[in-house]
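Student: The chain contents come next:
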Amino acid sequence: MQGVLAVFPQLDAVCDAIRDLKAKKVPKVTVYSPTIQHEIDDAIDAPTSVVRVFTLIGASLGVTFGYWVSIWSSQYWPLQVGGKAIASWIPYTIMGFEMFVMVGCLSTVAGMFINAQIPRLVTNFGYDKRFTHGDYGIWIETTPDKFADLEKTLKAHGAVEVRGER
Amino acid sequence: MATTAKPVVGKIKRPNIPSAGIQVPAVTTFEQVDNEILATLKPSPKWFMGLGLAIAAMLVGASAWTYQIYWGLGNAGYVPPVMWGVYIITFVFWVGIGHAGTLISAILYLFRAGFRTTIYRASEAMTVFAVMTAGLFPIIHIGRPWKFFWLIPYPNWRLLFPQFKSPLLWDVFAISTYLTISTTFLYLGLIPDFAVMRDKETNPIRKRIFAMLSLGWKNTDREWRHFAKMYMFLAAFSTPLVLSVHSVVSFDFAMALTPGWHTTIFPPYFVGGAIFSGFAMVWTILIPIRKWWHLEHYVTLNHLDATAKVVLFTSIMVGCGYLSEFFIAWFSGVAPEQEYFWNRVFGQWWWSAWILLLCNMVFPLSLFSQKLRRNPTWLFILSIIINIGMWYERFVIVVPSLSHEFEPWQWTHYTPSWIDMCFLVGSFGWFFMWFLLFIKQMPVIAIAEVKEIVPPKMKNDHGGHH
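Sequences listed follow chains S and X, in order.
Residues in the first sequence are numbered from 1 upward in steps of one, following the numbering used here.
Residues in the second sequence are numbered from 1001 upward in steps of one, following the numbering used here.
What the hints contain is simulated information worked out from the structure, not anything from laboratory work.
Mixed in with the good hints, there may be bad ones.
Restricting the straight-line Cα-Cα distance to at most 25 Å, the calculated cross-link-like pairs of lysine-lysine (BS3-like) are [to be verified]:
#	chain 1	residue 1	chain 2	residue 2
1	S	129	X	1042
2	S	24	X	1459
3	S	152	X	1457
4	X	1457	S	155
5	S	24	S	152
6	S	129	X	1459
7	S	155	S	28
8	X	1459	S	155
9	S	152	X	1459
10	S	129	X	1207
11	S	22	X	1459
12	S	22	X	1457
13	S	129	S	28
From just these sequences and the hints, can you work out the full model?
Tutor: Here it is as structure tokens:
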């Protein structure tokens, strides 16, 4: 993997750089920010996260399992109590609900891990420690012949450091 | 360094100082956030002293457990028909304490309540450790703790499955779901902060540990986008979960025909009480932390004021619950119910009922005073009063009902044994031991979230943020 890494101290500077890179149709751009910044979200204009699909699937499986395990075990070991229903859906709603929450949450977390591509074993490439503290960054995965052009663009928007990594 | 974000100067404004959109004006840069919050991780003599006390208290409980396992459950102070005592009281007490954390991190997140930002991490940790503490008591109470896994439905050689119509099994599901989700919530919120610690750390072993815990988090736009969506969904799931857990715990009582238990008001009354006691415990742990680690400009008086309003509201809510119970007993015309409630307040158990009424209904009314809501010393004292009151609330629910049921010849007394009291002391030791260890290894205030409310550096400063 090779590319250009730029460090920006100011939020509006990195947003301007993102918009410019988008206008120039530069592909494979990654933006770093010490925290969630809506200005960066607006500048990137990324599609909505697909984590919700994992949530829907997990929660549906969970609620199904919660009801199923209660009903199945009641049918398998029936307890006859004065004509009352052997499988009673009202108390089993508690099982359904708890499993709905548990599996729904865990599948949401799995969705986040898969889509955010974590856990990650290597963090020292295309990255700078300053991005967890206070600075913003842009990493562009590209070939060395485009380094000079990109460096010029990024510096024009206020990057305090631009370096090629290969 | 400012000690408060918005000090009250001169006469207090009426009717109120707005506390919903709370900012931290004394915190101005991201570097300040990193440095000040990470500075809390350095151990101090006070911390070592607190940890020593907690471990000593925990060992008292551990010794009692060892003794009980050897000599049997008969050493607990149970006298038929009072077969639930301190164990179940303390179980419900700790589950209740565990409610504030997820309420603050999930419900207040969905409501966009600004005052949650600097207090939610400590509250979430409190929740996890409180539920861990609560979970011990049913295991202690079964007498043969090594058989506890029989409650979990799994294919087994006994060819038996648990009874899904039993409220005690609902508890197993509710508490284990709550513990899993609260722990997940706590850990996921910590990931961006672990990345900060990884990049700041100089000790290679600790750096490696933080690198593993941070899962290689790099603060990319992709990570934040999916993280934000996940966090919102977790908050949305946790909101009904918070309300359901103590409702399910209340079913342990409400499903029985015992006088004082068989009432439909229990779920909301239990949830209100849980939030009430949970917020009180948040004060018990946060007020000393903000003072000893000089975090008054993060957990400001405005934050405390906002939490005091929640406590006041939930105090009134549980107060209405207490009064409704008396009204329903009178209105129902059921003699055992009426007799039981009379006995609770003017009979055998009058002292415990009046402790509860004073601590939970009367003292919290002081929070109508804005001056007291913004007085950390009073809030700390009140938090202890409320915690005592809420333990007694559970005592009043459990013991008077069982000792004064339908048959007068069965009426009896209950006195906790020394084993019971050792478990109570041990539970506090166990809880505070984990909490104190937590605050020295992980940031007690969420670094990444505080940065969200700090104005970022701008090339073209327009004088505003967001």
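Student: Each of the hints needs a verdict: does it hold here or not?
Tutor: Verification of the supplied hints:
Proximity of residue 129 (chain S) to residue 1042 (chain X) is assessed by CA-CA distance (about 22 Å); at most 25 Å being required, the pair is judged to hold. Proximity of residue 24 (chain S) to residue 1459 (chain X) is assessed by CA-CA distance (about 22 Å); at most 25 Å being required, the pair is judged to hold. About 22 Å separates the Cα atoms of residue 152 (chain S) and residue 1457 (chain X), which keeps this hinted pair within 25 Å; it holds. Restraint check: the Cα-Cα separation between residue 1457 (chain X) and residue 155 (chain S) comes to about 17 Å, which is no more than 25 Å; the hinted pair holds.
Only pairs whose Cα atoms come within 25 Å are accepted, and residue 24 (chain S) paired with residue 152 (chain S) is accepted, the gap being roughly 13 Å. Using a Cα cut-off of 25 Å, the hinted pair residue 129 (chain S) and residue 1459 (chain X) holds, with the two alpha carbons roughly 22 Å apart. Proposed proximity of residue 155 (chain S) and residue 28 (chain S) is supported: the alpha carbons are some 19 Å apart, at most 25 Å. Pair hint residue 1459 (chain X) plus residue 155 (chain S) holds up; C-alpha atoms about 13 Å apart against a cutoff of 25 Å.
Distance check on the hinted pair: residue 152 (chain S) and residue 1459 (chain X) sit about 18 Å apart at the alpha-carbon level, within 25 Å; holds. The straight-line distance between the Cα atoms of residue 129 (chain S) and residue 1207 (chain X) is roughly 13 Å, inside the 25 Å bound, and the hint therefore holds. At most 25 Å may separate the alpha-carbon atoms for a hinted pair to count; residue 22 (chain S) and residue 1459 (chain X) meet this at roughly 20 Å. Distance check on the hinted pair: residue 22 (chain S) and residue 1457 (chain X) sit about 23 Å apart at the alpha-carbon level, within 25 Å; holds.
For the suggested pair residue 129 (chain S) and residue 28 (chain S), the alpha carbons sit about 21 Å apart, so the restraint of at most 25 Å is met.
Violated hints: none; the structure is consistent with every hint.
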